[in-house]
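Trainee: What follows is each chain in one-letter form.
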Amino acid sequence: MISSRFSKLLSWSYLIALYGFIFLPVAVLVLFSFQDGRLPVPPFNGATLKWYGEVFADSRLMSALGNSLMVALGSATVACVLGFCAAYGLARFVLPASRLQRGLLIAPMTVSYLIIALGLLTTFNWVGVSLSLWTVGIGHVVINLPLCFAIIYASMGDHQKNIERAARDLGAAEWQVMTQVSAPMLMPSILAAFFLAVTFSWDEFIIAFLLSRFDVTLPVEIWSMLRSGLNPKTNAVGSVVFLVSVALLLILELIVFRRTAKK
Amino acid sequence: MTAPVSIRNATKTFGDFTALDDVSLEIAAGEFIVLLGPSGCGKTTLLSLLGGFLSPTSGTIEIDGKDMGDVAPAKRPTTTMFQDYALFPHMTLRDNVAFGLKMRKVGKAERHAKAEELLDMVGLKTSANKKPHELSGGQRQRVALARALAVEPDVLLLDEPLGALDLKLRRQMQDELKAIQKRVGTTFVHVTHDQEEAMAIADRIVVMNAGKIEDVGSPENIYMQPKTLFSASFMGEVNFIPGTLESATETTLTIKTALGSVELPAFDHAGFTPDSQVTLAIRPEHFRASTGTGPRVTLGKAKVEDGSFFGTHHRAHLSPLDYPGMTITAHMPQSAIIEPGAWVELTLDPASIVLLPGHPPHPIQESAAS
Numbered sequence: 007m008i009s010s011r012f013s014k015l016l017s018w019s020y021l022i023a024l025y026g027f028i029f030l031p032v033a034v035l036v037l038f039s040f041q042d043g044r045l046p047v048p049p050f051n052g053a054t055l056k057w058y059g060e061v062f063a064d065s066r067l068m069s070a071l072g073n074s075l076m077v078a079l080g081s082a083t084v085a086c087v088l089g090f091c092a093a094y095g096l097a098r099f100v101l102p103a104s105r106l107q108r109g110l111l112i113a114p115m116t117v118s119y120l121i122i123a124l125g126l127l128t129t130f131n132w133v134g135v136s137l138s139l140w141t142v143g144i145g146h147v148v149i150n151l152p153l154c155f156a157i158i159y160a161s162m163g164d165h166q167k168n169i170e171r172a173a174r175d176l177g178a179a180e181w182q183v184m185t186q187v188s189a190p191m192l193m194p195s196i197l198a199a200f201f202l203a204v205t206f207s208w209d210e211f212i213i214a215f216l217l218s219r220f221d222v223t224l225p226v227e228i229w230s231m232l233r234s235g236l237n238p239k240t241n242a243v244g245s246v247v248f249l250v251s252v253a254l255l256l257i258l259e260l261i262v263f264r265r266t267a268k269k
Numbered sequence: 021m022t023a024p025v026s027i028r029n030a031t032k033t034f035g036d037f038t039a040l041d042d043v044s045l046e047i048a049a050g051e052f053i054v055l056l057g058p059s060g061c062g063k064t065t066l067l068s069l070l071g072g073f074l075s076p077t078s079g080t081i082e083i084d085g086k087d088m089g090d091v092a093p094a095k096r097p098t099t100t101m102f103q104d105y106a107l108f109p110h111m112t113l114r115d116n117v118a119f120g121l122k123m124r125k126v127g128k129a130e131r132h133a134k135a136e137e138l139l140d141m142v143g144l145k146t147s148a149n150k151k152p153h154e155l156s157g158g159q160r161q162r163v164a165l166a167r168a169l170a171v172e173p174d175v176l177l178l179d180e181p182l183g184a185l186d187l188k189l190r191r192q193m194q195d196e197l198k199a200i201q202k203r204v205g206t207t208f209v210h211v212t213h214d215q216e217e218a219m220a221i222a223d224r225i226v227v228m229n230a231g232k233i234e235d236v237g238s239p240e241n242i243y244m245q246p247k248t249l250f251s252a253s254f255m256g257e258v259n260f261i262p263g264t265l266e267s268a269t270e271t272t273l274t275i276k277t278a279l280g281s282v283e284l285p286a287f288d289h290a291g292f293t294p295d296s297q298v299t300l301a302i303r304p305e306h307f308r309a310s311t312g313t314g315p316r317v318t319l320g321k322a323k324v325e326d327g328s329f330f331g332t333h334h335r336a337h338l339s340p341l342d343y344p345g346m347t348i349t350a351h352m353p354q355s356a357i358i359e360p361g362a363w364v365e366l367t368l369d370p371a372s373i374v375l376l377p378g379h380p381p382h383p384i385q386e387s388a389a390s
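Chains as they are written, first to last, in this note's numbering: chain A, 7 to 269; chain B, 21 to 390.
Chain B with its partners taken away, still in its complex shape (with noise of 0.2 Å):
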């Protein structure tokens, strides 16, 4: 089962202290969301609000077309799957899944056909009598997944349901959790701070900060045309060029910074005005060789401080010749040589460069370590 899920302007406080402040957000039926943030920004928060564990200062939520304001958790159509999984440790692995089908009056034999069925879908078929001690943290969360899909919810609230595992166990989990959605077509609401899990399940992100949405995309749509500074550094490293609208034409976008002036093709950052703060976000893969074909734009000669290889790609960081206090990060091909004190040209895909409101809190990253 499945249903569409619609918060309008939710705000929730704690006596001084707003957790979340005029959040409004549609969700369609069927939809894998991921709200991503900080600790602290309200994403736990707007979770509880939806599964009824906390209600609304005010602002309305909907499940399926009705209001959810007055009813409790056990009678919304939602059921949550938290952090420690919070298994029934006195119960089987079978009675544990059959638990919301017994509160629901489901006979014993087809409660425990249905949860021998989910206990299949998650692989642990052959440890239904098994209790949840005898598991492991992966195997655990796959029982708390099948328990909270065997009462048919028509959203699944996930909290942080992965931040308890390695690393390895998480992605293999996302991978399994990204599947059992596509399968159940269950609407599922996820919450988690990071952002490589968020890109790698969700249909669309919700990114949050201080109580607010930043920003809401698919996972391409954020990491390369983020709305926000904010959305821009959490989506992963970026680097932040300040500068000042020169002029704005038609076509062409001037903008000066430390590094020069920069022209950008026109057509996606209207709504600029002359002489307002702007930002240039360029991720460090984005930097290009300077001969090829394209267009091309240029922030001027930099110095290669240092550089480590990460597998992919060498991650390098370099000062450039017009402002040496400011810190470049760039990707450089697998096969590039990297000598520390060599010059290059920092040469950009016009196109690949976001241009944002406003300047970031520490106008010029310092080079601090090198």
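Here chain A stands alone, though its shape is the one from the complex (with noise of 0.2 Å):
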């Protein structure tokens, strides 16, 4: 009796401590974007909307943004793209050394972003192609594509193939059997893999930082603020940043989970 409870209490406490490992930090810096005060450290003086008026009220920092979305969306999409056809084409077709592609095509999620930076920076200067916010966005999709193209590989199955083969059948040339069956059919797992894909590009910073140069993305924007110091208005920026990776997870959830939920 006396046990079951000790253990209980153990596997509460360990749950407690285990969300709170993971979350306190964020909570802590929401709660101080809050502050009424200039240092975002306790203790807390009560609240005020000041700092969140600040970040959007700085040219700097919302330029910063528009251009994070632009490198979001714009990289997601071409690496979603890619990573289909490169999945369509190993899934369904007999390549040679089709095992060796796909290790070839994955490979990338096990190289650090400092590598890939690094790789792309002596690249890119060798060629001669200047940085910009495009740098950044070849750089994203080099991290992103693997994922797409894991994520969608994963869902093509012999089922889908079958249908594939009725479209054919029914006349369909190749790429319409690509965009008009096998594309919205797989379209679950296509929108999963340009979420996650907008979700890191969104907050990705080592690539950012490197292939940049006078338009930044806003981790970068928010590291050259951290190096005046801390003040409550890095607070707020960073709980904005948190809170649109939070809304991308939940459209994703919604969107996404909810329609394969239903088939």
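Don't read these hints as lab results, they were simulated from the structure. Do not take every clue at face value.
[As the list claims (entries may be wrong)] Quick list of in silico lysine to aspartate or glutamate cross-link-like pairs, EDC-like style, CA-CA up to 20 Å:
no., chain 1, residue 1, chain 2, residue 2
1, B, 125, A, 221
2, A, 167, B, 104
3, B, 95, A, 180
4, B, 323, B, 342
Fit the two chains together into the complex; they arrive one by one in their own frames, and the hints show the way.
Mentor: Next up, the structure:
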């Protein structure tokens, strides 16, 4: 009896500690973004929305936010299109060394972002491409393509293969099969890949930092703010970044997983 | 639309395995052909050759007199109805049925009208806006049929389309398929392993085994006058009584069996030479009461082992006096009283006995169960 109560207590404390460990830093960040004072450290002096006002009034932060959205949506779209094409090819046709090709497509997942950024930086210098939001976008396609490919490839089963065969039998050309049958049929997993890629690009710092010059993304702008010290404004902008990530995950959950559950 | 199909010496091998071995078959325009056989007999391979999903290792396939050698599935005058329906899950029934017309660049209004007409034909007009996942298995199968017929193919290929349905629904769909085929006049090539389904719908049945055609003919022909032991046993229950041809005259064949000598009229059994191995094939329902009019042959007396009532008849197992190790299955009249241990006469109309070349792999059916 006692031991069972004790173990129950223990498992509850473990659970609380676990979630505390994960979410406490974020909770503290969000809490002190409302700090009525100049320093985002205890004690908490009372709530104000002043810092959020400053964030939205800051033209540099706002243009960085716009850049981030542009890079995230653009690179996720490109990564999904390329990932879908690669998955379709490898799942539906007999290709030479297809195992190796699958491995090569997924391999960049295991390489650190720093190494990828250095490699791209060297390549761009060598080819003579100057750094811009385009180069950041290319970097994000490089890191998100393996993810998009893996998610979409995993959802291509033999059942869909038969449906594609039926479409061909009814006179569809290969591109029509892809655009009118396969892609709509795989839309839940394509959307899942898309929203994950957007989230990853939205949060990404190292590649965005090393491959950009004048126009920067939001994480890079936040980093340069942090160099002049902590203040509740950085907390506020951090909270905005966090909120957008949460919103993306909620969209993913609501649109994508609800759609899959319905089928 | 409709067209004849001509298959000449088609062979298909997969590595060392020969799926289809030198098969030739002529199918007339508007015919309902059923390819019947156990799994692995080559019937689905033959269908895939017609649809263009596989190409023959050797031999030719012609549809409407045109060689299909280099014609892709999309360009052939054929469509396929798949066993797992293969409907487009993200489209309404209307869009599913209209898909083939859309690929042929038919305008939206026209193709939707045609799709609704076909959905009406299969009894799903009011469901045109539903998605496939809202339908039952039988309804999905109807949509698959409407979709395949919407493009007015010359030849419709049906790959075990009723295999996933329960028995009652399957019988109902068979009748519908047959009625629709008569209405549209398209050549249907239908694959199944269910001989009752084959008999219910086919104009002609093609019995296949081990990559070869064993028998071709109308359902009545295949059932009553099968050409091979395999064909006889696959089409329904049959008793095989192995024997040797003793003598053959102009009018009479005499066959020596474990149950004594049997004399059969010679007219339909030409081509057998004396001393060759032959088998008498007898359907259970062909045993007759010994008192009656018409020609009769007898295989001696047999003891009733057991019997069960099947509604339309009693099915009884008998063991012959001359060879008690053999089990004979016979259907007896509804009104008969089956008493285990009773003796009956094995009497037959000689015209109902089919003489086949060769011996079955297991010459005598040992009575294992009884």
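Trainee: Hints first: check each against the structure and report whether it holds.
Mentor: Verification of the hints:
no.: 1; hint: 125(B) with 221(A); in the structure: violated (47 Å)
no.: 2; hint: 167(A) with 104(B); in the structure: holds (11 Å)
no.: 3; hint: 95(B) with 180(A); in the structure: holds (13 Å)
no.: 4; hint: 323(B) with 342(B); in the structure: holds (11 Å)
Hint 1 alone, counting from the list given before, is not met by this structure.
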